[in-house]
Amino acid sequence: MIDINLLPVRNVLTQKEKKLRSHLIIIAGIVGAVLSVVFVTLFITNQYLFVKRNSLKTKKADLQATFAANSSTIINLGIVRDKLTGIKLVNGRQVDMPEIISKLLNLISIGTEVKTLQVEESGKVDIVASSPKIEQFTELISNLKAKPDDKDKFANIIMNGLREDRNRSLAYSLNMVYRKTK
Amino acid sequence: MKKISASSLNLRSIWFYIAVGAAFIIEAYLAFIVLPGTVSSMMDKRSEIEADEKEVADLTTVVGSIQKIDQAELETAVAKTTAAMPNEKKTSGIIYGMSKLAGDNGVVVNNLEFSPGLVSTRSGTIVSTEPVGQAVGSGVKQISATLTVSGELSKIVDFLVELRRSSQIIGVNRVEYALSASRANTGIISLMIYYQPPKNNAQVDPKSVPFMSEADKEIISDLPETDVFTVQQ
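Protein chains in written order, with numbering that gives the first Met the number 0: chain A, 0 to 181; chain B, 0 to 232.
So that you can see chain A by itself, here it is in the shape it has in the complex (with noise of 0.2 Å):
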């Protein structure tokens, strides 16, 4: 006895084959369609992408023709720039000669006259005078004795050489320095 199988070949393949086959066809289609739905956002991302940096690569071009367009302001900007840079570190090495001269002279009483002044950069102060009456001399030199809380003072007071002159007047001389505490 002879078995003839009748059926289409088609129908021959197993359950299991079947079941693995499917699952095969799902699998690609899901991971077709999620890279689909990833290629299309991106896509979509991409040209956005592109518009938006082509905007900005347009608004920064014409702020920059702007700004060339200000160069003049610009350069002025540059130029107060450096002469500012240069008046600070001028007026950081300044010494305030007629504050000094003022200072002293305001210290000096009525009748006296000053014969020579020498004021220097660095505060040094040389000074020849003569006072009419003694009561002066005692005077300028109590106004120059400085207080505990005086900010600027003239300070290492040193006299030479007091006497009576031809006009009966006392000359003498002083040295000192001049210190200002910021």
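Note that these hints are calculated values from the structure, not bench results. Just so we're clear, the structure is a prediction, and the values are computed from it rather than from any experiment. We put the CB at the ideal spot given by N, CA and C, even for glycine. Please note that a few of the clues may not be correct.
In silico lysine to aspartate or glutamate, EDC-like type, Cα no more than 16 Å apart, as pairs [as the list claims (entries may be wrong)]: (1) K59(A) <-> E47(B); (2) K56(A) <-> E151(B); (3) K58(A) <-> E47(B); (4) K99(B) <-> E213(B); (5) K58(A) <-> D103(B); (6) K154(B) <-> D103(B); (7) K154(B) <-> E112(A); (8) K58(A) <-> E54(B); (9) K114(A) <-> E151(B); (10) K58(A) <-> E151(B); (11) K58(A) <-> D226(B).
Non-contacting residues of chain B with respect to chain A, defined by C-beta distances greater than 10 Å in every case (computed) [stated by the list, open to error]: (12) E47; (13) K89; (14) V107; (15) S114; (16) Q133; (17) S153; (18) E213.
With chain A's structure known, arrange chain B on it following the hints.
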């Protein structure tokens, strides 16, 4: 018959697996080769956009600030700071300005000498070579000068006060005053005259535009309006 059917079945199975395999290979290629490359390129584009956004924001701020600048105020600032710290020695301007300031304060200028080099007013004319500037720092140069004046001590002090307040920054290093037996008052004033040759500011980076601060404006407002050291034409 049975042998033929099995062969046909195997052939169809092979094509199915080749097709599914090809699909997986393509998907793997897209997922592991194309996708990272695309994402990386987009990240680069995103970084570029972020950098551009920052640059545009900075430029917008800078350009906005530049456009808000009061041009008249800026021109005054340029004029005042340039008068205070001139671009050149301006020796003739110094002679002119000193004489004017001294005259206004009751002091007579006897002589003004610049050194090294010599420009003297003793003969009434400017003579000899131009003095050579010495570098101080920040592009500032200085020339020394000795000014001899006649006048009472209080007037000389007034003159020094005015000199300190004047348009150009001039340092006073030393003051010598003497009252002679003939009652002649003489003052010898050692001066330091500053100037600053201009720098080339043609190329300015938008990130470093030197805007004036409030402190700068205060310094400028303290500078005098009129430049006494410029010879009027």
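Exercise. Hey, is Q133(B) genuinely clear of chain A, shortest beta carbon separation above 10 Å?
Key: Check passes; 13 Å lies beyond 10 Å.
Quiz item: Does K58(A) pair with E54(B) here, judged by a C-alpha cut-off of 16 Å?
Solution: 10 Å, holds
Quiz item: Given the proposed pairing of K154(B) with D103(B), does the C-alpha separation stay at or below 16 Å?
Solution: Cα-Cα ~10 Å, so holds.
Quiz item: If you draw a straight line from the CA of K99(B) to the CA of E213(B), is it 16 Å or shorter?
Solution: Violated, at roughly 33 Å.
Quiz prompt | Given as non-interface: V107(B), partner chain A, CB spacing beyond 10 Å | solution = V107(B) is indeed farther than 10 Å from all Cβ atoms of chain A, at 18 Å.
Quiz item: Would the pair K58(A) and D103(B) pass a check requiring their Cα atoms to be no farther apart than 16 Å?
Solution: 58 Å, violated
Quiz item: Between K114(A) and E151(B), does the CA-CA distance stay at or below 16 Å?
Solution: 11 Å, holds
Quiz prompt | Satisfaction of hint between E47(B) and K59(A), Cα-Cα up to 16 Å | solution = Distance ~13 Å between K59(A) and E47(B) Cα, so the pair holds.
Quiz item: Does E47(B) really sit off the interface, with its C-beta more than 10 Å from all C-beta atoms of chain A?
Solution: Not fine: 6 Å to the nearest Cβ puts E47(B) too close to chain A.
Quiz item: Does E151(B) lie within 16 Å of K56(A) when you go C-alpha to C-alpha?
Solution: Not satisfied, since the Cα-Cα distance of roughly 71 Å exceeds 16 Å.
Self-check item: Given hint E47(B) paired with K58(A) - CA-CA distance at most 16 Å
Solution: 14 Å, holds
Quiz item: Taken at face value, is the distance from the CA of E151(B) to the CA of K58(A) at most 16 Å?
Solution: Violated - the C-alpha atoms of E151(B) and K58(A) are around 68 Å apart, more than 16 Å.
Hints 2, 4, 5, 10, 11, 12 and 17, counting from the list given before, are not met by this structure.
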